[in-house]
Structure formats: structure tokens, C-alpha cells
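K.L.:
These are the residues of each chain, in order.
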Amino acid sequence: MHQQIVRRAGAERETLWVLLAAGLILATAGTAVGLRPAPETDAPLALHQIDSRTGLTAAEQGLHADLKVAADEIAALRKADGRAPAPADLAAQALPPFAADASATARGGHAWTLTESGGSLAYAGLSAAPETAGSLVLLLDGHGPGIWLKRAAEAPPARLDEASLAAAGWKRITSTFTAGVTR
Amino acid sequence: MSFFLNRRRFLAATLAAGVLPASARAAAPTAAPTADRKRFGVTLHPYYSYVANIAGDRAEVVPIIPAGFNPHAYEPRPEDIQRIGGLDAIVLNGIGHDDFAGRMIAASSRPTLPAVEANADVPLLPAAGSAARASGKVVNPHSFLSITGSVLQVATIARELGKLDPANADAYTANARAYSRRLRQLRADALARLASAGDTRLRVATIHGAYDYLLREFGLEVSAVVEPAHGIEPSPAQLAETIATMRKLDVQVIFSELNFPSAYVETIRRETGIRLYAFSHISHGDYAADLFEREMSRNMDTLVQAMLEARP
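These protein sequence lines map, in sequence, to chains A and B. Add 1326 to the 1-based position in the first sequence for the numbering used here, that's all there is to it. Add 13 to the 1-based position in the second sequence for the numbering used here, that's all there is to it.
In case anyone wonders, no lab produced these hints; they're calculated from the structure. Hints may be right or wrong, so weigh each one.
To be verified - Computed footprint of chain B on chain A; a stretch qualifies when at least three of its residues, placed anywhere within it, have a C-beta under 8 Å from a C-beta of chain B:
no.: 1; region: 1354-1364
no.: 2; region: 1372-1384
Said to hold, decoys possible - If we take Cβ atoms under 8 Å as the criterion, some of the chain A residues that face chain B in the derived model are:
no.: 3; residue: 1343
no.: 4; residue: 1387
no.: 5; residue: 1402
no.: 6; residue: 1406
no.: 7; residue: 1410
no.: 8; residue: 1418
no.: 9; residue: 1427
no.: 10; residue: 1429
no.: 11; residue: 1432
no.: 12; residue: 1501
no.: 13; residue: 1504
All C-beta atoms in this analysis are idealised placements derived from N, C-alpha and C, irrespective of residue type, glycine included.
Looking at chain A on its own, in the form it has when it is part of the complex (with noise of 0.2 Å):
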């Protein structure tokens, strides 16, 4: 007598064929997903610093770029006249942020005073609206311009250079820049 075996009708071996197939390429795909992670390139800001981009104020921002204008105009200056520019001076030549404009009200109403020591220039701006904009040092040494922020109406500590402020709660600000993040 013939027998035979026959299967019920219905695709549980399809289903678990396909299931095990989605099983196995997830599985794939997670490896190598997690093989390759992104390399992180930003390093990470040290505690007296701060990105200009996402830690500002609109005014810090603004005063920040302007600051940064201005120290090449003063290390232009210095060099043709042989000394540092006051901040008076500035202002006579329009010279944002020490010019006494619409905008310097807008943007805190800094006073700044000039600091001569040894070779290093800084230009301290003590804000009057520290909500708005904190207070602000542009410090000239031999290495460059630093543009340091402290949000509070304080003058900066006798020693201006870079240990002095860090230790007093100043932050340098620091801004980053990435060619072609869209290309």
C-alpha cells in the first residue's frame, strides 16, 4: 500500500526561510555598523574654554568677530606707531567694539581700559549688561590674539595672562572651523 506524507498547505518554511534571511542580513549590517563607528575629531573643549559658535550670546557673538577684526588693526597700528593704540584712539577711528555706537549700547556697553605689561597688550571691556554680553579680554602676547569672557561685571585679575584668568573663571574664547561639512 502507497503512502505518502503530505505537508499541510501554509508557508511557515517560507516564513522562517525569509525571517532567517532578514535575521542574517540585520545581523550583518549591525557588525559592520558597529565595526566602523565615526571617528570623533572634535576634541573635547578644555574647562577655560568655550566654542564660539553654540556656547555665545548673539552679542558675544558679535563682539567676539569684531574683536578679532580689531586685533589686527591694532597690531597694524602698533607696528606704524610704535605703541599700542589706546582705546580712545580706537573709537576716534570708528573701530568696533571700542567705538561708542548704537551698537556698542545694544551689545552690553563695554568700557575698555588698555594694560601694558612687558611685551603683552590687554584690552579689558567691562560690560555694563553682563545678561547680554559678559565682560571681555583681548589679550596680545607673542602668541597671538586670545579673546577671553567672563559673564559678570568684573574687571579681570592685576596679572593678565592666560594662567591668571583661567584660574580666576575667565573662559577663552575658541571657534572652530570645518572646510566643506556639506560638500
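With chain A held as given, fit chain B onto it using these hints.
P.N.:
Then chain B, alone, in the frame of chain A:
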């Protein structure tokens, strides 16, 4: 059958369009710069003005895109790529406004062309709207629409071009300083007109997220940006949301853009009753050395007018 014939003819025409300029390039060599006068390429209108003022008559400035193309929607063409072969260097925005340039240089006969990254020294702001992705790494590429951003870029361009053309480096630096001083004067003149205006703080919205750098110089902050991306009109739902946001924030002034008329901008004005002013994006018209100063001066006038008219 006729469909296939047409398609064949279309393919032939397409191939000819791609091949002809390449053969023309072989026939007429453009790669050799004349004498020792360098040829510097630029991608956008403001950069033409910068480089033309830095170089004076000591170098030639070559726009690689013909005037009349919108840089937001430009697609490289063979004849533009061909032009890159004759350059000594190219000055780039490099942060999102001329992303097409990298591909064009790679496809040109000078794939190793030195590129000057004009924004290398500019403190960049984050991108606005939907472009603010990639964990804050995408920046607002409109640093040229401000005086400070321009002065920083002019200094960088002059320094880098001086390295590539040492014989003229001093002239480039001197020209850059004189040009920067003129640019700073534009801003000083505008601020002088606000001197007696008292409190000039404004709550501002912009249609296109391009004017953050400019407004920062006047102590203004943008409360809302309408366009989800440049040239992309907001959907009705997005528009309704923007109008609600503007009412909530009590926005006083909206800055739109010249040369980009859009029906929805009028809708916003009608619905909110907020005053509307238009800035120039400086991406239209012929390339000219004084274009940036002219257009920026007009932008300053617009801004001053808006600030004066919004006074309580």
C-alpha cells in the same frame, strides 16, 4: 519606432554637448597664464569684489559661474569647468555656499588647483532652520553678508594669495587694509545715523536665514526664520506655525530678500501686519569690484531705516 529615433537623437545631442567643449579645450589651450599676472578664480559675487579690490591690476579675477546664475541652484556646466583649467588659484566660500566648486575642480584639467578657504578665520554661526543638522556642525554660509565677516575674509584671502604670488604680497596686504577700512566706514556711517535713536533693540524675523552675521553687528538677534531651506517655500502648515510664532514673539520687523518675490511673504505681511523690508543677497547682476560696497551700503540703509521706523 519614432520614439526610439527621437531618443537616439537626444542621446547624440547630449553626448555632443558633453564632448565638444572637451575637444575645444584640447584645441585652444587655456592652461598657460599670460606672463606672470596670476589668474584667481571666484565662485560668488562678493568674492569677486573682495579679490578684485585686493589684487587691483596685479592679477586677473575670473568668475567661474557666469553672471545670472543663482548660486543656490547652480549645476556645473562643461564650459564653466573648462575655465578652471586656466586658473592659478581659486577663492572659496567653502562652508556651504559654493559646494559645487569642489566637484568642478576635481573634474577640471587642474584637480590640484590651490584653493583659498576664505572663511578659515571667521567665527562661524550655526545654520538656521532645517539646515541645522549634523549636531551643529553645519554652519551658516552667509558670512559674506556682513562687514566684520568680510573684513576677516579679505585679510585671509590677501594673506593666502600673497603666499601664492610672493612678488605682489605686500601690495595685496596694503590693498586689503585700504579696502577693509572702506568697508568698516560703511558700518560706522550707518551706526552714526542711529546715534540719536536711543534704544534700537528690535525683535526680528527673516525669510531667508542669511542675515544673522549682519544683524549681529548691530546687536540684533533673529527670532524666527521662515524658509525651511533657501528657495523652499514653507508648506501651509509651516506658514501657519511661523505666523503664530511671530505673533507670540511680538516680532516688529521682517527682513525678506530682494529679487526673490514670493506670494507667501505677502501673506505673512497681511496676516501679521508686521513691517517688511528687503535685503540684497548680493548674488545678482554683473560681477564688479564695487558691487559689494554698493549692495552692502544699500543693506545698511535698509537696516537703519527699519530700526528708525520701528522706534516706539
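K.L.:
If a hint holds in the structure, say so; if it does not, say that too.
P.N.:
Okay, the hints, checked on the actual structure:
1. 1354-1364: It is violated: at least three residues are needed, and the region 1354-1364 of chain A offers just 0 whose Cβ sits closer than 8 Å to chain B.
2. 1372-1384: holds (count 4)
3. 1343: The hint is violated - residue 1343/A has no Cβ within 8 Å of chain B, the shortest such distance being about 39 Å.
4. 1387: holds (6 Å)
5. 1402: holds (7 Å)
6. 1406: Result: violated, 10 Å to nearest chain B Cβ.
7. 1410: violated (18 Å)
8. 1418: Where the cut-off is 8 Å and the nearest Cβ of chain B is about 11 Å from residue 1418/A, the hint is violated.
9. 1427: holds (4 Å)
10. 1429: holds (5 Å)
11. 1432: holds (3 Å)
12. 1501: holds (4 Å)
13. 1504: holds (6 Å)
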